[in-house]
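Number of protein chains: 2
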Amino acid sequence: MSTIVRRPAVVKSHLPDIGRCLYGIPHQKRSFTIESLNATKGDRERILILGSGWGGFGLANKLSLKDYQPLIITPRTYFVFTPLLASTAVGTLEFRTAMESSRSRDGVEVVRGWAESIDFAKKTVMVEGALEKRRSNNSPGGEGQDGALVGGGENSRFEVPFDKVVIGVGAYSQTFGVPGVKEHAFFLKDVADARKIRKRILECFEEASLPTASEERKKQLLNFAVIGGGPTGVEFSAELHDLVTDDLSRLYPSLASYPKITIYDVAPRILSMFDGNLTNYAERHFHRQGIQIKTSHHVLAVEDGAIITKEEGRIPVGGVVWNTGLAPNPFIAQGLKGKFPLAAEEDGEWGVEKDEKAGRVVVDNYLRVKVKHEETSQVKPLEDVFAIGDCAWLEGKDLPATAQVANQQAVWLGRTLNKAARKNRKELGGAPVRVVGEPEFKYRSLGVMAYLGSWKAITQTDQGDVKGRLAWLMWRTAYFTKSVSWRNKVLIPVYWFTNWILGRDINRF
Amino acid sequence: MSTIVRRPAVVKSHLPDIGRCLYGIPHQKRSFTIESLNATKGDRERILILGSGWGGFGLANKLSLKDYQPLIITPRTYFVFTPLLASTAVGTLEFRTAMESSRSRDGVEVVRGWAESIDFAKKTVMVEGALEKRRSNNSPGGEGQDGALVGGGENSRFEVPFDKVVIGVGAYSQTFGVPGVKEHAFFLKDVADARKIRKRILECFEEASLPTASEERKKQLLNFAVIGGGPTGVEFSAELHDLVTDDLSRLYPSLASYPKITIYDVAPRILSMFDGNLTNYAERHFHRQGIQIKTSHHVLAVEDGAIITKEEGRIPVGGVVWNTGLAPNPFIAQGLKGKFPLAAEEDGEWGVEKDEKAGRVVVDNYLRVKVKHEETSQVKPLEDVFAIGDCAWLEGKDLPATAQVANQQAVWLGRTLNKAARKNRKELGGAPVRVVGEPEFKYRSLGVMAYLGSWKAITQTDQGDVKGRLAWLMWRTAYFTKSVSWRNKVLIPVYWFTNWILGRDINRF
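In order, the protein sequence lines correspond to chains A and B.
Numbered by the UniProt record's numbering, the letters in the first sequence go through residues 1 to 509 in order.
Numbered by the UniProt record's numbering, the letters in the second sequence go through residues 1 to 509 in order.
By construction, these hints were calculated from the structure, which means they are not laboratory data.
Check each hint, because a few of them may be wrong.
Claimed, not checked - Taking lysine to aspartate or glutamate pairs in the EDC-like style, the calculated list, with each CA pair at most 20 angstroms apart, reads:
(1) LYS337/A <-> GLU311/A
(2) LYS339/A <-> GLU45/A
(3) LYS199/B <-> GLU132/A
(4) LYS219/B <-> GLU132/A
(5) LYS133/B <-> GLU303/A
Said to hold, decoys possible - Facing chain A, a subset of chain B residues (Cβ under 8 angstroms, in silico):
(6) GLU207
(7) LEU210
(8) VAL466
(9) ARG469
(10) VAL494
We put the beta carbon where it would ideally sit given N, CA and C, even for glycine.
Please model the entire structure based on the sequences and the hints provided.
Here you go:
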């Protein structure tokens, strides 16, 4: 298994030079070459980046291509600008304005697939390529071929060697084992989620406007439940309220009195990361707008068309958006478990350290993954394995699982690796790059902000709190200036402007 | 069955005033009211418009709301600006730039559903409301809930009375009974089709770029077949070629030599509606670009990943786009068949006249639907039933099934009805509006145009033929100035500009 079979020269001769061709796996029928990747590698280290979110994509954009050969492994070959997701879910922005292609930087290679496991001794990652789930097309206009991605199985599995690997696979949505959440609720972590939500909201209004819709059915369809009173849930509720009052009430005047939005949370307050006076402001604002807040409420189950709460029983709803925090990524839970040797030398077996609460990978102040010796219980960081973002847990600090943290870690790691490589090149003559000795990673909170609807927001920074219209302006400015590509720097203000003047696009397709 | 049950007053009291509530159907559990629709009707005639394409949507926008109460019945509550579909299928434009909401005009009511049948004696249309096909959501990121529309069955069926009805339901794609077309080929008639095509093209490049993709698989995935050499097939091939050469070859440099586009047609020439010298120009242009044209070729079957032609056998392909003309809409074929009385008076039974070739509804020069007496074989036009667009066949003229024809018919019918209503109001004191006596409909061809890729097009008008860059400019200008809404007048040039400067968005989601 661990022998690497190079393609025989006779097969090679009629294969083209493919930048993305990699190692051959003995048990596969086809064999591949790492030669073209090696050919462009030069004396650079190859950094495998697992994931293309705030951590992985941010790092890939920072790394010096003179010193490193970055290769992203990700099932989702685009970066999602998550703060704009709620806006796209209601049509304030078009979906693609919250996306950047992982391939946007020349020199950064991307392979679409899932990392399955890391061989720390061989320094390789086993990847399963992601393929489209094919179904036959339905009749014209149908959407039979939904194109979700699935693992391609044995035939799409391959091994990629690395000099360094950075784990930035993020986290999944936490459901706390509540039955029916995965089947009947919408998450809001990807653009595909946002699209499903937008479609569902418009569908609810369409169905409710049918002459055959009963009173009861209309009330159900236009009752929207948001589970989780964190910033995502709050911003989505606010954006949904904007959509309903600005656009849908005008287009479906007969339904204007029906829509209801309710935020449920087990905690006694929403927006717990904000100061009390900002939370009070948010609650008062929502109260005026008619958005209900049901704190200290427990959702016991989600069904098709209803939620069950401990406090109020069965509540018929048209749609449920679920935002109650993060669960470990399966790669962290499954791919990094067990004991393994760290090198060819016999020094026993090691296991990746994880935090007890959320099962994230423990990293030190250099964001290096820590491992523990099976027998001696010795703990040490790996020199070439890093973890950043929602899947990492920085020992001793309880950093929130936010885009801000992931982004700062990506920027710090990129800069530090670049600096270390320059030093290495000048002073050490090409030994493996080591980050130790550079300044450690330090998180600096830039504050938190949340949109509350009707052009009002709250922001809380070290410099003070702001609420209302000015906070909204800061909120928009921050997101606009942080949007990555020129395309989105053009499109986002165009959409804001046209949708402000002309209303949101409410076509469901 | 024909008795109309009004809601009892006691039920009514707690129901809101709903603009879209209509007739009650006795066999349903719920009953509805036409009162609110009647309340706003005044002395206007109610015009039921079946369909919201070039015909139906065009007409709804023309009708004077002083004289008429338009109500659109359509399963697709948006108008598709079909000439831009090919552009959206490759990302030159965003999907929504080719859409306008059917609800965009205040005072035009819209019900989402399928017309099932027309009762000519009672002057009602039986409608089945369209509902979302629900499935459970998949795991996060998946697209389990695809949201295609299906008939809601008995519980969503209702009857709508009319003064006049206009049939503009369009046509379906013609498959000539070739097996596998519906299952494995893409049509290009709706925005949902364009989205499926765009997703598929990007998927083909993604899968081909996996290190595990074999030589054979790469050739298959990047081989695109376009069946039908009419303007739609030609423009799609041209746009696809632009996407591949402008964007994808740069993003997947290792795949640059693979993509192949082939147009198949049974006819000896493509673009048969153009003059020979323009067709020659198009063929030479495609030849230079490497787009293959296989005329006099017969596709016998479409499979998952292959087409079978009579001339060349099985050809592995990554995607098939099918554009070989139109088939009758099921409503025309099924909903308007059989014999029926025209009025309460005993004058025997009548049947709707259809053309023998394509089964379209025969209309006279006033676009009135013609019926034939069962026994006497007497043929006469109905005064209050019109048909326009692809589902209508204007007797004696062989008009092409194009947007131009449908649009001119919609504009003519709207203006003529408005004029007749004004005359009626002034001179006839409120008798039913009659179009006879007004100038008849005459089609005036404004010419044909087709985009050929690389900023070149061909246009053919009475004033002469134009080809190349100037024709492209005319093509863009024509489509831009014809785009309906202000939103799209802003967004279309923004997308053209940003995609020209920055490349197309290639994110697949």
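*Which of the stated hints cannot be reconciled with the structure, identified by number in ascending sequence?*
Per hint list: 1, 2, 8, 9 violated.
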